[in-house]
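> One-letter residues, chain by chain:
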Amino acid sequence: MKKSPFIGLYIIMAVLLVLPFVLPNSFYVDLAIRMAINAIIVLGLNLLIGFAGQISLGHAGFLGIGAYATAALPSHFGWHPMLALLAGAAAAGLLAAIVARPIFKLKGHYLAMATLGLGIIINIVVRNEAAWTGGPDGMPVPAMSLAGFEISGDKHWYWIVAVLLSVSVWASLNLIDSPFGRALRALHGSEVASKVVGVDVVRYKVAIFVLSAVFASIMGSVTAHYVGFVTPNLADFFHSIELVTMVVIGGMASVYGSVVGAVLLTALPQALTSFEGWETVIFGAILMLCMIFLPKGLVPTLAAKFSSGE
Amino acid sequence: MALLEVKDLSIHFGGVKAVQNVSFTIDAGIVYAVIGPNGAGKTTLFNLITGVYTPTTGTILLDGESIGGKSPDALARRGVARTFQNLQICMNMDAIENVMVGAHLRLDRNLLKAALRWPVLKRRDRELRGEAAELMRFVGLQDYINTRADSMPYGALKRLEIARALAMKPRLIFLDEPAAGLNPKETIEVDALVRKVADSGVTVVLVEHDMKMVMNLSDRILVLDYGRKLTEGTGLEVRSNPDVIAAYLGAHA
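The listed protein sequences correspond, in order, to chains A and B.
Sequential numbering from 1 applies to the first sequence in the numbering used here.
Sequential numbering from 1001 applies to the second sequence in the numbering used here.
I should point out that these hints are in silico values taken from the structure, not numbers from a laboratory.
Just to be clear, a hint being listed does not mean it is correct.
[Said to hold, decoys possible] Straight-line Cα separation of at most 25 Å, DSS-like style, residue types lysine-lysine; simulated pairs: (1) B:Lys-1185 / B:Lys-1212; (2) B:Lys-1070 / A:Lys-107; (3) B:Lys-1017 / B:Lys-1007; (4) B:Lys-1196 / B:Lys-1169; (5) A:Lys-107 / A:Lys-296; (6) B:Lys-1070 / A:Lys-105.
Hey, can you work out the whole structure from these sequences and the hints?
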């Protein structure tokens, strides 16, 4: 009998429960929150890249849409932050749906280029429309409030993000082990075979692209609220690459790999700060070593080692 | 009425006329073989009928309804299944999941219900896993029910393709060289499996190079050469046709 796929989720939940009581100061709480936010984005991205086998090099653009919706709509139009968050998610989803149809006629390098272009366009819009977005300087974000209760500070956001992460892991695990998820993995494994059994391949690619864009947008909004300020860097190319790197290092087509990849790559730059000036070099070297020795990513490689050693 | 009726079917790739003016009909419940030398257009013909290619000209009728140029998923919805000559197995999945994908159209594919672990959907999925295991036993893969597809031998993967196709509960199944690359013992087993499939009420269309298997199984045989129909008939008729002998042995008739 197979082990329950949910064991990892219970471990994550236990860690999330204990963490606030053992972390020495707010620096670590902040780090934990950013890890969890990244983990949720990477979960969505891994559904697209790892499970469905479709690359996106512009995902930070969707993050930017959510973040700037959250920043701009309440300040300029007096929208409720929750409404702004939903509007951002809807806009990101709609944009993803509109561009996905033509984009997913492309494959491999062409798909990578198209999504790269999409991300860059979003970033340029955010940078240039200074009247709405504050341009390169960014803009402050009003606080989120729910039913008259203002959400602010590490403690609030920690628990919100912890719940979101747990739910996202649970939902991702459910999704991949469902007819929808099997169709996604099948079109990755063999596109022609999945077509012939009746999978409408383009529709599935579009659906998962939209879903991952909505994930990213919502987390963009959460990031904006949590940090209290948005800058175009959130939506730039390097951030997109960083997210893809988290998918790859953690493990393609691995739900837990997404979490591990996000946690490690969020922590690594912090851990390397003592190397002053050399941190980027060492960061790059670590990534290269990972790809050479763990080409399938951390979690799948270790899982394979573990199960064959038994 | 014939289950499948193909009339003047052609497809051109640039200047290459891969299939030219081919016509034939297939009655429900029979085993129909398509043979011919390499490059005769057999697989192309399969790709045309199963929606992978769009015909340049000609019509394909399934139960009297025109299906030429329809997408593969539209054909799957009408009960047309196929296997591939060059394996098309999802190596990123378990063997049994490959079979379960075959039942795609019979399931509730709702994304939200899936993410929320909807109980009805989950129960149906468990039943399906049982059905898929049953199908794997049917094709002789009982030893691989809990195996990942990428750790299965070639011969087993050929059968896995058949199990996946059967999971669609098709009316018409196209088998593209099910015995290619198999040793004589495995070939005999696949021969028996195709018989079993046909006996279960599915109409079988077979491309195969193993003549013993073709002659043994087929009710009717279509012979293609250079994309054209050379002849069609029972095994006996085809075997004694001088054009067929010429095509295979390269003699000038």
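> Looking at the structure, which of the earlier hints fail to hold?
As far as the earlier hints go, not one is violated by this structure.
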